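Protein chains in written order, with our numbering: chain A, 1 to 421; chain B, 1 to 255; chain C, 1 to 356; chain D, 1 to 322.
Since the hints were derived computationally from the structure, they do not count as laboratory data.
Note that the coordinates shown come from a computational prediction; the quantities given were computed from them, not determined experimentally.
Nothing false has been slipped in among the hints.
The list that follows gives simulated cross-link-like pairs (lysine-lysine, DSS-like), each with its CA atoms no further than 30 angstroms apart: (1) K139(A) <-> K50(B); (2) K32(B) <-> K157(A); (3) K253(C) <-> K159(C); (4) K247(D) <-> K261(D); (5) K184(C) <-> K112(A); (6) K63(A) <-> K184(C); (7) K247(D) <-> K319(D); (8) K63(A) <-> K226(C); (9) K32(B) <-> K139(A); (10) K340(A) <-> K406(A); (11) K63(A) <-> K253(C); (12) K34(B) <-> K157(A); (13) K184(C) <-> K253(C); (14) K259(D) <-> K247(D); (15) K159(C) <-> K246(C); (16) K50(B) <-> K247(D); (17) K34(B) <-> K50(B); (18) K63(A) <-> K112(A); (19) K319(D) <-> K259(D); (20) K112(A) <-> K226(C); (21) K399(A) <-> K319(D); (22) K287(C) <-> K83(C); (23) K202(D) <-> K261(D); (24) K247(D) <-> K139(A); (25) K202(D) <-> K319(D); (26) K319(D) <-> K406(A); (27) K341(C) <-> K83(C); (28) K112(A) <-> K253(C); (29) K226(C) <-> K150(C); (30) K247(D) <-> K34(B); (31) K139(A) <-> K34(B); (32) K157(A) <-> K139(A).
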Amino acid sequence: MPEVEPERVHEDQRLVFEGMDISGGWNRMFEQRVIWQHDISALDRVTGIPGAESLGYCYQCGKCTPACPVDHVGDYSPRKVFRRTQVGADLLTSPDLWLCTTCGNCLRVCPKEVNMLQIMPAVRERAVAAGQVPAELQKAFENTFQYGNPMGEPARKRADWVAEAGAPVTILSRGPRPVDVLFFVECYWSYHPRGRDAARAFARTMATLGIDWGILGAEEKCSCDSQRAAGERGLFEMVAEQNIATLGRYQFQRLVTPDPHAYNSFRNEYPRLGGAYDVSHYTQFLAPLMAQLPWQRELPYRVTFHDPCYLGRHNGEYDAPREMIRQIPGLEFVEMFRCKENGYCCGGGGGGMWLDSFTGQHTQQRLSERRVREAVETGAEMLVVCCPYEVSRFEDAVKSTGNQGKLLVRDIIELVDEALH
Amino acid sequence: MHIAVILKQVPDLVEEVEVDSQGTDIDRDSVKWKLNEFDDHALEQAVLLKESSGAEVTAVALAADGVDQLLYAAVARGVDRAIRVTTASARTDAPAAAAALAGVLADMGVDLVLTGVQAVDDLHGQLAPILATRLGWPHVSVVSRVSLEGTEAEVTQEYSGGRMATLEVDLPAVLGVQAAPRPPRYVPISRLRQVMASAELGSAAAAAAAPALGSTVTRLAAPPQGQGAQMLEGRPEAVAEQIVALLRERGLVEA
Amino acid sequence: MSSDTVLVIGGGPAGLEAARAVAGLGHEAILVERRQRLGGTPDSAGYSAFALDPRPAQEVLEVARQAVLTQPLVQLHLETEVKSFAGEPGDFKVTLERADGSTADVSCGAAIIATGFDHFDPGRETQAYGYYEYEDVITLVDAERMLAAKHFVRPSTGKPPEQVCFIQCVGSRDRRIGNEYCSKVCCGVASKEASEIRELVPDCRVFIFYIDMRMYGFWEDRIYWKAQEQHHVNFVRGIVTEVISKGDRLLVKGEDTTMNRPMEVAMDMVILSVGMVPSAGTQAIGKLLGVAQDKHGFISPTANALDTVSTSVPGVYVAGAAAGPKDLDDSVSMAGSAAVKAVSFLRQGSMAAAAR
Amino acid sequence: MAGVLVYVESDGERVAPISFELLAAARELAQSLGGDVEALVAAADTGPLVGELGAADTILEVTSPALAGYLPEAQQLVLVEAIRARKPAVVLVGYTSAGLDLAAGAATATGLPVVAYCTGLRAEGSDVVADSQLYGGKLVATTTTSTPAVFSVVAGSFAEANGHAGGRGERIVTAPPAGLAQLRSRVLGTTGAGGGAVDITKAERVVSVGRGIGGADNIELAEELATAMGAELGASRPVVDSGWLPKERQVGKSGMTVKPKLYLAVGISGAPEHLEGMHDAGLVIAINTDGDAPIFKVADYGTTCDLFDLLPAITALLKPAG
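Next up, chain A with everything else stripped away, as it sits in the complex (with noise of 0.2 angstroms):
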């Protein structure tokens, strides 16, 4: 499928084209005129896999791409994927494929209810099973299966952030005991050293409130919702269902997790597999304790907020973050333009997470560094955010935009956490 890119094209003083002198003021369109046999089975192949069946729904409107993030950094919306699609282009090997966020953002306009938020992981489903599947992608996938986390991190490390906590934390893999709160570190809290930092900070607050909790500890594997999402649902199902039987030997009233994906998989998925818990994002579960921390100073910062779509659009909860930013004392907030129901995507769901080097490839930015200019022009100084994804994309992405010493990235809890002491 011949695709024309604005900026390359060339409208030439004095061209030949096929042996036809076309000089002057030619267009874009003048291409080689080609019979198209519009090759249905195409689209076909794509609706009749089950989950896909809407994006053949689409009446090309054209509502979704100006939501669709991917659409601001590139040429991708779900309106394009339907028509290249219906032109007999291949979802299964085209690049389109792993572009989508599943954000949610167009589904929340389509008025066909065309749902990519079904319609991706069940192609990729088709894709990872013909092979087709991204390297680095793939990899998460091995690392996940063999090691219960997408980083290829050994099991036995995942609660070695409680080493330096500054806070007691009951790991119940070492001393089964009943808590009030099962505690879902997840494997950027548990893993990534930025993340580390806010499962500390988490630690210190719960400690503070005084509240009975306890982690899984080596036990805890991936929740792997975005697994699931970038099409690999058998990987999910398998996790999924250990997971529930390690939960299912440790008594506790209430699960609570830090990752907005996390949360959507309890929330929205286990049930269906037989794991039914009382789950909450750990900003639905600390904003009502928040006016009982006994805070220690003010913070003088001027901040924005990301809603992160597993928690705001997928979920519908943009309150209790917010709350919690209300209440630490002294700072400012200010909210971007794109917010709430229309947040842009950091970029990190829907696999990509695991697909930045993939995603750069077809895209003029990441979508992170999209969101870290928008952060920028609010004026505010610190960009916050509650998803363990988003810390690590949007800090990187701080320093590609060369906005470093402009823009701070950090966790709700990390703030906290500074008020408190």
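Assemble the complex: chain A is given as a structure, and chains B, C and D must be docked to it using the hints.
Same frame as chain A, now just chains B, C and D:
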């Protein structure tokens, strides 16, 4: 054309490998096992040959805890059948494995045996040459490409310094595979689970006893510390500065 | 001397409903139909089915026919045309002429024109669609007939087609042709036919090339979305400019507007979604009765949005596609309205006479 | 039954460096165990090779047209025949491609024990005590083996310099084994090194990437650093096997041996097979998040910083100067 690919589990080095209380072996209970990566390439090569020539492929492994999983994964990858070989001995070293497998492979009537060129625990030699010598077949190790031409295999063997040779080997033969022409393919877990629910593993009992090794491990331990690297600590920016300073000091980059 | 009778001109869906309604209100109706049989163009053109009614068209029409045939107050004149129309509102003198040449004079107090439409003749179109050149270029009407017979094949080969497209707006929305109006039903009819083709020839790929899809009210989800979502009809925005023959297939050429590039697609059959034009009968009756007509020849109602059926001549009303492109629902609703208006007119006349 | 037999590896024209290391090791063992150091050299023409084998007391020469080019089957026949004929106490084979073919095969054919991955060998009475690097270099196994036995020795374990002289250098020409007439394998052709566009063996600086780089798409990070440093890009075997970098950039056993002044190992764990290809490098700096990685044993400097943070930081520091 019947190809057997021999698979083996080795300790996963991402996880800690502990030494047992005797100090002569790894603590096998605490080890996390995974498919030997060279066997993984041998398996990929076997499946590629199946796809290109229609050969029938059987995956074979010595019975052990966790080996079924590995054989199911091979079926999911595309082999036609998988067989677990039970032995009287608990030993899994290459001479013992070769003794157990030689008879089974001869009975199966295979034309070509592929296996990984080596494994991280091959203290007593590599499987391919031992097995081939026991069977009286020719063998080639460090193979990076295999194609089949009638009753011959054409293989690429690699040497140090980037040299390579193309060899022609009459079948039956044993090849120690270093790398398949393409990285091992991904198997979706749903297919793996489907295979685990539906596929049946074959089994065979080895008749031959494991040969004496003539060699005893007296100690297994981490290599002596000593020289070792001087570790640079700090945030990445600080470490980068230290490294660049080192390079400039020694004139390895322009000052 | 006034008459209590209503003359209904035209035995299509609108005329049938008008006659039935007039009789239902207790008045005598004279129903005049030029053809041998009641049912109008949907009958004579052999429609397969109506847009929102899943039953075969004939089954639906038969209900309307029987309602009239079993109604003693309806006096039916088949193979008959109105030859002259004179007199005063409330007392029109009408001459009817049968196909055999015999005539009859009747009186009526009011008249309803329900003379319907014709399908646009694609030979008139300015685009080069080749309707009279290529066997495999047909119209919506031809397709209806084939679908009614449950036998959908390429006319040139007699074999089922593998790839078929509809070209919308043929003869409609076109200043060059003079038909500046939208024919209202073709988007729905094409989508309905496309679905029928997919059911009849499941392996056939069906496309609809359109400028914009006009699917009013329930047609949106019940016809358009159903065609797309259940029958996998492919809608492509970008109208075809010309059809040329290429080998034993047809090549449709246009612009793929959503992809910003030229589009040339090979087809086994091309179906032209022809619109509506006033029938010859509508044009003639309009003149004969002296009612105002628009520039195309459709009968113009009295420019009152709240009165869709009164014409410029008191006592003369219009119903259905004689007044402009209509779907069946609107035609029939309009016929009921015309009947009520006509009967009211007669009764007001009677009361005035009684008061005198 | 005495002496140490060294299997000499060559490309037909030059003796491979590993063989000199083996001759050096053989001399040490022979001093304890008694007997001669014997070098077995098998080729179509041993003439160019014999002169290099002055460290051996006896040089066993086997010549045959069937020995043109390296063919595992033919070499194994020769080695087995020599072991049977000379009855050495110890047979040393390099842990190279040939060693992988021959050590265990010849041992099996002659019923001798075999110990692989040896980095150290010493005699204790009539036994040989060997150190072997196992588990990617994370553990060392010490074995006691009764002689006669076969050992395959990792390159870089003994001083090559000690393997060039000091023997009697007697030549013994031996008839080729009869089996060479019925070989079931053939050499069709060989390709030399340097087939590709780059030659990392001559580079002064090498930035070498391992599995830790994570994927082909991240190679760019290392490429940028290499460019900023004026270095060539190298790779460990898994990176090449995964197709992330071409074969000509592979450092290690089945790849290239490099001797740069600077070797920056990025995400390389340091398996023995890799170390073999770079043990003569000057300054070695290793970047690996696993502080226990064997590469830190051979590196001069190391850090456990995440390479994804560190590489761009170094590149940034070098760019303005370079």
